[in-house]
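Trainee: For the record, the sequence lines run as chains A and B. Counting in this note's numbering, the first sequence runs from -8 upward without gaps. Counting in this note's numbering, the second sequence runs from 52 upward without gaps.
Hints were generated in silico from the structure; no laboratory data involved. Even for Gly, the Cβ is constructed at its ideal location relative to N, Cα and C. Just to be clear, a hint being listed does not mean it is correct.
Said to hold, decoys possible - Calculated pairs, BS3-like style, for lysine-lysine (alpha carbon to alpha carbon, straight line, at most 30 Å):
hint : chain 1 : residue 1 : chain 2 : residue 2
1    : B       : K192      : A       : K51
2    : B       : K72       : B       : K182
3    : A       : K62       : A       : K81
4    : A       : K84       : B       : K196
Said to hold, decoys possible - If we take Cβ atoms under 8 Å as the criterion, some of the chain A residues that face chain B in the derived model are:
hint : residue
5    : F92
6    : N96
7    : C113
The chain contents come next:
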Amino acid sequence: MAEEPESVLQLPSTAAASGEGLMDVSPETATPEPPSSAAVSPGTEEPSGDTKKKIDILLKAVGDTPIMKTKKWAVERTRTIQGLIDFIKKFLKLVASEQLFIYVNQSFAPSPDQEVGTLYECFGSDGKLVLHYCKSQAWG
Amino acid sequence: MEEDEFFGEKTFQHHCSEFIKHSQQIGDGWEWRSSKEVLEVPLDDAEATETAAASEVIKYEYHVLYSSSYQVPVLYFRASFLDGRPLALKDIWEGVHECYQTRLQQGPWDTITQQEHPILGQPFFVLHPCKTNEFMAPVLKNSQKINRNINYITSWLSIVGPVVGLNLPLSYAIATSQDESNAL
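Based on the provided sequences and hints, a complete structural model is requested.
Mentor: Here it is, written out as structure tokens:
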């Protein structure tokens, strides 16, 4: 399980998805993006076709973490947990010293390079993936 | 502190044994060892990684011990080449996910110390446990609120593991929820 540095190339969604071919691979890469990136868009404006490139994620705050005004997001399957963390941190305007954790099942923190599509396959229900997020000063 | 947040040795042992049950199911190598004074769960994880010069196999070792002073689990880790040459901390960092690197480079010695393993008597890197209660508390409180049991070791390790290159398979998260439904 060699840890590779985050590569610039975003790999197309592979076995994680239901196997249907994607129409196109998003031109966005893993490089840092502004919060308004199309890879994460509010609501579910995408019509549900045969192939859903994005999955619906419902974000819930845990503890004293600020609650996001927009809770429901359509996210590309290949978006990683780390990408989502960066997005939420920017959205909530957290400072660099604050850590943000994301949990599935309200108890387990997936690895930063885990794709949300895989999490959706394992933990999604009722057409969405519920993720809890929590801020903390875990270190330092 | 509420009683449920108290993480005594017995609780540690119980959560470890549940954790190991799943580890045995998926064969990822955790086992339980105890001495009179110390309780621990070591993992030998041989991983192959390419260096600039040649292919080398690096062996990562992770041990979960119980800290009586902090009353929380503590992660001991080290890495070495197969011939026994140890990796320096900065080499281990290269395998750590980018998102943690900046954070830890700012003050690695605030969070990582080098200590002698209580059983093996050899130097290990240790992820300092002083903040563990802080980041575990919201998870524990939340689990009480929704009336659901969690495995402390699984949750804790899923949070701290990636910082030092240890990624738990997702099946641990599913195993926990299955335990819950069995318990109902």
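Trainee: Now look at each hint and say whether the structure bears it out.
Mentor: For each hint, the structure was consulted:
{"no.": "1", "hint": "K192(B) - K51(A)", "result": "holds, 15 Å"}
{"no.": "2", "hint": "K72(B) - K182(B)", "result": "holds, 27 Å"}
{"no.": "3", "hint": "K62(A) - K81(A)", "result": "holds, 15 Å"}
{"no.": "4", "hint": "K84(A) - K196(B)", "result": "holds, 27 Å"}
{"no.": "5", "hint": "F92", "result": "holds, 6 Å"}
{"no.": "6", "hint": "N96", "result": "holds, 5 Å"}
{"no.": "7", "hint": "C113", "result": "holds, 6 Å"}
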